[in-house]
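Participant: Listed here are the chains, written in short residue letters.
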Amino acid sequence: MLSVSVKKRRGTFMLDAHFDLPTPGVVTLFGRSGCGKSTLVNIIAGLLDADRGRVALDDDLLLDTELGLDVPPERRRVGYVFQDARLFPHMSVAGNLHYAAKRAQGQPYVSFDAVAALLDLGFLMDRRVHRLSGGERQRVAIGRALLSQPRLLLLDEPLASLDTARREEVLPYLETLRDQLAIPMVYVSHNFDEVLRLATHIVLLESGHTIAQGGVGEMSLNPRLRAIIGADAVGAIIDGTVLGGDSANGMARVRVGTGELWVQAANAAIGAKLRVQLLARDLIVATQSPRYLSVRNSLAGKVTTVSSDDANSDLIGIDIGGTEIMARITKAATRDLSIAPGLPVWALVKAASLRARVISNASPDAE
Amino acid sequence: MTWLSPDEIEALHLSLSVAARSVVFSLPLAIIVAWVLTRRRFVGHSLLDAFVHLPLVLPPVVIGYLLLVLFGTRGPIGSWLERIAGIELIFTRNGAALATAVMSFPLMVRSMRISLENVDHGLEEAARTLGAHAIDRFMTITLPLMLPGVLAGAITAFSAALGEFGAVITFVSNIPGETRTLPLALYSALQTPGGDTAAARLAGISVVLGLSGLLLSECFARRVRRMLGR
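Going down the list, the sequences are from chains S and W.
Residue 1 is where the first sequence starts when you use our numbering, and the numbers rise one by one after that.
Residue 1 is where the second sequence starts when you use our numbering, and the numbers rise one by one after that.
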């Protein structure tokens, strides 16, 4: 368990953040630029002093201003991947990695060769740092942080300075890291796609305050999140288990709640965890069991909430057997179909409009 | 160098030896002062900064005089040094080295500071999160990255030390074979009837030395920059 509770004043800006992360897990600090994400991460690393607060990792206190305890960054065993990589320019890639390995503290849990293999660094070893591409730079930075054998890994927008293609090049490595090393990570981002792919937990920050936190599943429908990512990105995120599939067509059948969904997912093995995003704008709501439709996916449930989204549309919360999803429909449709809490409905969605990704390390409370 | 007289060769040797001592002794202190002035904020920062730069604005003869007062046989530091370590500075080449070191110190610190200001503090932070303590960080990250400034500063200071006149002649006088460096020999030659050609030769050597120093410094700086990939 990583437990953070800190206060820090910087000019007129006030950081007042509190969150807990069950370990291992990946918590993403999510919020707009300037909301205090980097300040918070720097305090966890010890690079910045907190006015007041406490940072604890499992049984170890890293900071407790009440006890006057402040472990210096060099003894915290907290790895840090900076947005700008911060590789040492006077060393080669191997030099950078060895720098960390030589100074590692505690029981090593990952070897030099394992890190090199995990991040595909082998062919880069002799390269000078300034001859690396942006994506390679971040991979080396991640490898360097890992080789210090940290108990916690902080990543401060590691992909923010990369274009979309380069980002796609690094993301799979981060997923591998999460699934194979089980090292707790605090991942700062303002890109919701990254959050979707990596996070097990989300902490929302707004002007220095942690305004909401929880597992990805429960947070996906939080209205405060909607305010940040915009109405079009709103939708339930469900981590489901693959029941079977039609690998010839690259389709997989996933259990969500009491229902099942067909999603596009190539080579998803039976039993694998699959994270599915059901965007509210893609869902169709029917008040009778639908027939004669091309849509493959129909989830039966009960309306739980009806809330106004904007002038023309409502958000309908639907319980599909212990799991909640959300659909956006026009106010006119709400009225014509007399949609109200308690009404049995069917949510329809085209398999093609679902985003699904294999995650083997799903958070238990997101299911 | 057959066209130089033995006296002139001696002056050249002495100059090089004095300048080398001056640089070797002031280099570590200059690195520390440059680091403190760049990376630390404290009460008296401006005062230390001004104090370091004092030799640039004071007449060299004033520096020589102050050194006499402090490091002379009766001076507080001079008498102490002689009692403790048997080191005599006044009228010796070590004294000449001290005078040139004080005079070229601001040049050295200046060049190091510029270089240090360009060292990304974020790299030191990164080293810190990797477990490097303060001295470790300084030796493995800061110092190698400020190396262009250290080298350039050392070479500039060395070249300037070859030519220091006022402070040297005031502090350690003009003793052939002990403190008569190139500029002092040149000055003596001018005072001697028929010393014109000797003066011209000595002036020529000074120009060549100064020029090579500056070129060498630039060349080093470029090579180190390339090594650092900038």
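Calculated directly from the structure, the hints in this document are not laboratory data.
Just to be clear, a hint being listed does not mean it is correct.
As the list claims (entries may be wrong) - Okay, the calculated beta carbon distance ranges per label pair: (1) S/Lys-102 to W/His-13: 41 to 51 Å; (2) S/Arg-127 to W/His-133: 23 to 33 Å; (3) W/Arg-226 to S/His-209: 43 to 53 Å; (4) S/Ala-114 to W/Arg-226: 32 to 42 Å; (5) W/Asp-136 to S/Asp-179: 51 to 61 Å; (6) S/Thr-12 to W/Asn-118: 50 to 60 Å.
As the list claims (entries may be wrong) - Only part of the chain S face toward chain W is listed, based on derived beta-carbon distances under 7 Å: (7) Val-71; (8) Glu-74; (9) Gln-105; (10) Pro-108; (11) Ser-148; (12) Gln-149.
Quick reminder that beta carbons are idealized off the backbone N, C-alpha and C, glycines included.
Participant: For every hint, state whether the structure bears it out.
Facilitator: Verification of the supplied hints:
| no. | hint | verdict |
| --- | --- | --- |
| 1 | S/Lys-102 to W/His-13: 41 to 51 Å | 45 Å, holds |
| 2 | S/Arg-127 to W/His-133: 23 to 33 Å | 28 Å, holds |
| 3 | W/Arg-226 to S/His-209: 43 to 53 Å | 48 Å, holds |
| 4 | S/Ala-114 to W/Arg-226: 32 to 42 Å | 34 Å, holds |
| 5 | W/Asp-136 to S/Asp-179: 51 to 61 Å | 34 Å, violated |
| 6 | S/Thr-12 to W/Asn-118: 50 to 60 Å | 31 Å, violated |
| 7 | Val-71 | 12 Å, violated |
| 8 | Glu-74 | 5 Å, holds |
| 9 | Gln-105 | 6 Å, holds |
| 10 | Pro-108 | 13 Å, violated |
| 11 | Ser-148 | 5 Å, holds |
| 12 | Gln-149 | 9 Å, violated |
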